[in-house]
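Sequence order for the protein chains is S and B.
The first sequence begins at 1 in UniProt numbering and counts up by one.
The second sequence begins at 1 in UniProt numbering and counts up by one.
Just so you know, not all the hints are guaranteed correct.
If you want a taste of the chain S side facing chain B, the calculated C-beta under 8 Å gives, among others [to be verified]: (1) V306; (2) I353; (3) G374.
Cβ-Cβ distance ranges computed for the label pairs, FRET-style [unchecked claim]: (4) S:M234 with B:F206: 27 to 37 Å; (5) B:A44 with S:E225: 42 to 52 Å; (6) B:E4 with S:E225: 13 to 23 Å; (7) B:G33 with S:E225: 34 to 44 Å; (8) S:D265 with B:D241: 48 to 58 Å; (9) B:G33 with S:E104: 28 to 38 Å; (10) B:E96 with S:H292: 23 to 33 Å; (11) B:M1 with S:A12: 35 to 45 Å; (12) S:A12 with B:E96: 22 to 32 Å; (13) S:S357 with B:G33: 34 to 44 Å.
Some chain B residues judged to face chain S by a derived CB distance under 7 Å, without partners named [said to hold, decoys possible]: (14) R15; (15) M95; (16) E96; (17) G98; (18) M152; (19) E156; (20) I158; (21) A168; (22) T169; (23) W170; (24) A221; (25) A236; (26) V310; (27) R312; (28) R315.
Simulated from the structure, these hints should not be mistaken for lab results.
Nothing here was measured: the structure is a model prediction, and the numbers come from that model.
In this text, a Cβ means the ideal position worked out from N, Cα and C, and glycines have one as well.
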Amino acid sequence: MDLQEFRAGLDAWLAGHEPELRAESGPGAGLDEEMRHLSKVKRMAYDAGWMRWGWPERVGGFGGTTLMRAYLGEALAARDLIEPGIYSMTEVLAPTMIEYARPELAAETVPRLLRGDETWCQGFSEPGTGSNLGSLACRARRDGGVWRVTGQKVWTSLAQYAHRCVLLTRTGTPESGSRGITAMLADMDAPGITVRPIRAMHGRDEFCEVFFDDVRVPVDRTLGEVDGGWGVAMDLLPYERSTSLWHRGAYLRQRLGHLLATAPDGAFDPAELGEAVQAAFAFHARSRETQHRMARGERLGPETSVDKVLLATTEQAVYDLVAGAVPADIALGDGADGDRWRTEFLYSRAATIYGGSAEIQRDIIARRLLGLEGGR
Amino acid sequence: MDAEAAELLARSLERAFRNETVKAVEASLEEIGWREALAEEGTAVVPLLFARQGAAIAASGALDDLLVSALGFPADPGTAFVLPEFGSYAAPGSMEEGGLAVRGLGSVRMAAASRAVVLTGRDGGLRASVVETGRFEARPVRGVDPRLGLVMVEGEGIAASGVEIAPATWEDALAAGRLAVAHELIGVSRTMLRLAREHAVTRVQFGRPIGAFQAVRHRLAECLVAIESAEAAAGAVLGPDGGADPVAAGMAKAFAGRGARTVARHCQQVLAGVGFTEEHGFHHCFRRVLTLDGLLGDAKTLTRELGEQVLRDRRLPEMRLL
Numbered sequence: 001m002d003l004q005e006f007r008a009g010l011d012a013w014l015a016g017h018e019p020e021l022r023a024e025s026g027p028g029a030g031l032d033e034e035m036r037h038l039s040k041v042k043r044m045a046y047d048a049g050w051m052r053w054g055w056p057e058r059v060g061g062f063g064g065t066t067l068m069r070a071y072l073g074e075a076l077a078a079r080d081l082i083e084p085g086i087y088s089m090t091e092v093l094a095p096t097m098i099e100y101a102r103p104e105l106a107a108e109t110v111p112r113l114l115r116g117d118e119t120w121c122q123g124f125s126e127p128g129t130g131s132n133l134g135s136l137a138c139r140a141r142r143d144g145g146v147w148r149v150t151g152q153k154v155w156t157s158l159a160q161y162a163h164r165c166v167l168l169t170r171t172g173t174p175e176s177g178s179r180g181i182t183a184m185l186a187d188m189d190a191p192g193i194t195v196r197p198i199r200a201m202h203g204r205d206e207f208c209e210v211f212f213d214d215v216r217v218p219v220d221r222t223l224g225e226v227d228g229g230w231g232v233a234m235d236l237l238p239y240e241r242s243t244s245l246w247h248r249g250a251y252l253r254q255r256l257g258h259l260l261a262t263a264p265d266g267a268f269d270p271a272e273l274g275e276a277v278q279a280a281f282a283f284h285a286r287s288r289e290t291q292h293r294m295a296r297g298e299r300l301g302p303e304t305s306v307d308k309v310l311l312a313t314t315e316q317a318v319y320d321l322v323a324g325a326v327p328a329d330i331a332l333g334d335g336a337d338g339d340r341w342r343t344e345f346l347y348s349r350a351a352t353i354y355g356g357s358a359e360i361q362r363d364i365i366a367r368r369l370l371g372l373e374g375g376r
Numbered sequence: 001m002d003a004e005a006a007e008l009l010a011r012s013l014e015r016a017f018r019n020e021t022v023k024a025v026e027a028s029l030e031e032i033g034w035r036e037a038l039a040e041e042g043t044a045v046v047p048l049l050f051a052r053q054g055a056a057i058a059a060s061g062a063l064d065d066l067l068v069s070a071l072g073f074p075a076d077p078g079t080a081f082v083l084p085e086f087g088s089y090a091a092p093g094s095m096e097e098g099g100l101a102v103r104g105l106g107s108v109r110m111a112a113a114s115r116a117v118v119l120t121g122r123d124g125g126l127r128a129s130v131v132e133t134g135r136f137e138a139r140p141v142r143g144v145d146p147r148l149g150l151v152m153v154e155g156e157g158i159a160a161s162g163v164e165i166a167p168a169t170w171e172d173a174l175a176a177g178r179l180a181v182a183h184e185l186i187g188v189s190r191t192m193l194r195l196a197r198e199h200a201v202t203r204v205q206f207g208r209p210i211g212a213f214q215a216v217r218h219r220l221a222e223c224l225v226a227i228e229s230a231e232a233a234a235g236a237v238l239g240p241d242g243g244a245d246p247v248a249a250g251m252a253k254a255f256a257g258r259g260a261r262t263v264a265r266h267c268q269q270v271l272a273g274v275g276f277t278e279e280h281g282f283h284h285c286f287r288r289v290l291t292l293d294g295l296l297g298d299a300k301t302l303t304r305e306l307g308e309q310v311l312r313d314r315r316l317p318e319m320r321l322l
């Protein structure tokens, strides 16, 4: 199947199944409901085959260009059927499994993620380890056929729903830095794991603290080489800044389109609107190029930090526009529309913080793309 | 054009723009066969040329060639194009009782050209006339960027009949022109960033190159984001049919113009004192940015008008399918 066939077929399928695919309680009904709905959408899309295109056959996919995956998320977001933040986790974690897990492990677990049977999370950051990922301390000690993991993760999105966790642990000496890190896939129902959700300022349990108290992870769940976890993380992060961002861009255009269709006359300053539209256009162009590079099999790297900075800037420009166009909805609104705009506006403030802060992205650009050595 | 041919053309253009004088640049472009490439390949060759002209802070009549041929006239070194007034994109000419009146800008080509194409607009209809350059006044502009060689064109009572130009033809020509200037602005921006980066790795303070300091690193990173985004936006202007999309071209030019000012601001701050001198090359770049932004509609005008259009439509402009 090529992209054109896929697009036509998917569009027709979505048109035919839209009532079932639309959340009954509407978007913004709370995270529990959104997660239930997301599983349903993924299951339906998987069973109809759409969710399997663009993934390798050895993990339950049908093969074909990765552009099909990009288009699926775009089409769902453009119709307001999914929230891309929770949907696109698959785009970050599945490629990592495909590249670094034992083939049998990937074949066993990835289809469950694609089908929406399972939710996964990403255990990277720690209380003492934010931007400086190489300093992480969550300890894994080899004991026969298992890793015994003790430590804490934080800012772990969806951990309260997750069945598995792609986890970074310290296997070298405390001073080993990026050389002593090992990645593994942990089961979230393993004894010794405690999850505490954190309520964020936009009113959602956006992320969690996850505590590991002598948790046993089989050694055959190791991802990549022992002490090679830094490479796994470095390969994962560009994925976090490629297809996920393409999906987010589609969602932003959909929300901006909704605002344009519904905001009262005189709500916009044309110059400010023009700037936000130009930013959305530039992001679309940049991210589209990235999708095509990925589809050609090019290895994504530090240049995706440009995509991330541009998206974060665009997202905040769009929601600044929202805040200017419907200020009373944001400040006072207690209807569904007001609640949703307020939640999204507040969430947009984090766009320059999560997934590697704007400062870290700029540091990557300075060091890796401009060749400016030293400093941070 | 395949990648190899494009690379070859790009390298020839790079050499052409290293020439000191405009005359030599124009001669090199002639030798390379730029006009033939434009005729054969269409707008696809525009990014190749204008990015390099911008990077070299060079000047030529290439924009004249592009606009003249887009309106259906033969492009040659003797034919100039009268550009709209600074900041605007309205037709520079009008058909009055006593003949054609014109008020606009000319490129560096104008001095050597024997004729110029003048676009006139009245009652919603557009016409283009070929006028002998001796029939109007062409006064050199000093202004902020004398090296660009712009002239102020003014005249009236010029006998001309012209040919009718379909609005869509001018829209396409304008789109091609805006795409060209967008790439030129991106080229200038890349040169500014190169100069600032060189300074950041060689200038030592507190025992370290200043490029080790976060305040400097982040400014330069911000420049690269502005440049790469503008380049992506400009790259999305050419459709699969090879033509420039008018709405996209307006967005790309405004974005590149605003981005170039961002790049100029950060690079000037990083270059600090030395970048403020006439001995350093930065000021040529900054002058070029200020001038190029005003050609074929400046960023401020294009951005406001885009916002007004989106408000009338109440929906976003179409963007290319994945």
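Now for the hints, and whether the structure bears them out:
no.	hint	result
1	V306	holds, 5 Å
2	I353	violated, 16 Å
3	G374	holds, 4 Å
4	S:M234 with B:F206: 27 to 37 Å	holds, 31 Å
5	B:A44 with S:E225: 42 to 52 Å	holds, 46 Å
6	B:E4 with S:E225: 13 to 23 Å	violated, 40 Å
7	B:G33 with S:E225: 34 to 44 Å	violated, 55 Å
8	S:D265 with B:D241: 48 to 58 Å	violated, 37 Å
9	B:G33 with S:E104: 28 to 38 Å	violated, 60 Å
10	B:E96 with S:H292: 23 to 33 Å	violated, 52 Å
11	B:M1 with S:A12: 35 to 45 Å	holds, 37 Å
12	S:A12 with B:E96: 22 to 32 Å	violated, 58 Å
13	S:S357 with B:G33: 34 to 44 Å	violated, 50 Å
14	R15	violated, 26 Å
15	M95	violated, 32 Å
16	E96	violated, 33 Å
17	G98	violated, 38 Å
18	M152	violated, 28 Å
19	E156	violated, 35 Å
20	I158	violated, 37 Å
21	A168	violated, 22 Å
22	T169	violated, 24 Å
23	W170	violated, 22 Å
24	A221	holds, 4 Å
25	A236	holds, 4 Å
26	V310	holds, 6 Å
27	R312	violated, 10 Å
28	R315	holds, 6 Å
The structure fails hints 2, 6, 7, 8, 9, 10, 12, 13, 14, 15, 16, 17, 18, 19, 20, 21, 22, 23, 27 (numbered hints given earlier, in ascending order).
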